[in-house]
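Asker: Residues per chain are reported as follows:
Number of protein chains: 2
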Amino acid sequence: MGKLNIDGDINNLKFSESGLIPVVVQDVKTRDVLMLAYANEEAIRKTFETGYAHYWSRSRKKLWKKGETSGNVQKVISVYADCDRDAIIYVVEQNGKACHTGEWTCFHNKLWGEDL
Amino acid sequence: MGKLNIDGDINNLKFSESGLIPVVVQDVKTRDVLMLAYANEEAIRKTFETGYAHYWSRSRKKLWKKGETSGNVQKVISVYADCDRDAIIYVVEQNGKACHTGEWTCFHNKLWGEDL
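Residue numbers (UniProt numbering), protein chains in the order written: chain A, 1 to 116; chain B, 1 to 116.
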């Protein structure tokens, strides 16, 4: 499961001044992009330790296990960092729906272009 | 093409204090997540006007048409905002490769979990 290098890998990530890194979340089956959230180092460690997606809630200012109250948990399959290591992606199995509005994905407001 | 409401839609987006919004970029055919970039209002307007992905380069501090020099342009098919309108997604046809390293996607550094 690639856990040997967790410390090295996390230490190599570039967190913002407020200690956060953006996390793109993609469903492994549908490949839909479900949400964009933020993690701090603790949230990433909790994700690696538990196999379930954890984030930092910027509004509630606390560590947040996605689905803790709603049941819409995200089992994490893989985590990748981007080329400059200032963004990561969680590829997940989404239980239920990702969006608190009841939509499957948070990205449901079309601004421009074709319906997908 | 949904262009009638561009002003309303852009005005409803939540930009950061520095005037930026994160942009998830997904390939329409493979559905791979290619990169995470940032746009300001001008970059979004240019994207809507031209149909090609524009961003704000935080390192170079300038408007940036993806692929302007490399040829790895992104034809934009659709743009969606998320539920709280503080992140958007460009769904694109990627010409060539997305990453400046020569990789197809910028998210090519596995930190944890299964190989995808």
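Honestly, I wouldn't trust all of these hints.
No copy is singled out in the list; a pair is fine if it fits within one copy or between any two copies.
Dumping the calculated DMTMM-like pairs for lysine to aspartate or glutamate here, alpha-carbon to alpha-carbon at most 20 Å [stated by the list, open to error]: (1) Lys-61 <-> Glu-17; (2) Lys-62 <-> Glu-41; (3) Lys-65 <-> Glu-42; (4) Lys-75 <-> Asp-115; (5) Lys-97 <-> Asp-84.
Hints listed in this document are in silico derivations from the structure and should not be mistaken for laboratory results. What you are looking at is a predicted structure, and each value in this text was computed from that prediction instead of being measured.
Asker: Evaluate each hint against the coordinates.
Answerer: Here's how the hints hold up against the structure:
1. Lys-61 <-> Glu-17: Cα proximity of Lys-61 and Glu-17: in one copy and across copies (15 Å, 18 Å).
2. Lys-62 <-> Glu-41: Within one copy, since 12 Å is at most 20 Å while 30 Å is not.
3. Lys-65 <-> Glu-42: within (11 Å within a copy, 35 Å between copies)
4. Lys-75 <-> Asp-115: between (28 Å within a copy, 15 Å between copies)
5. Lys-97 <-> Asp-84: between (30 Å within a copy, 16 Å between copies)
Violated hints for the displayed structure: none, as all numbered hints are satisfied.
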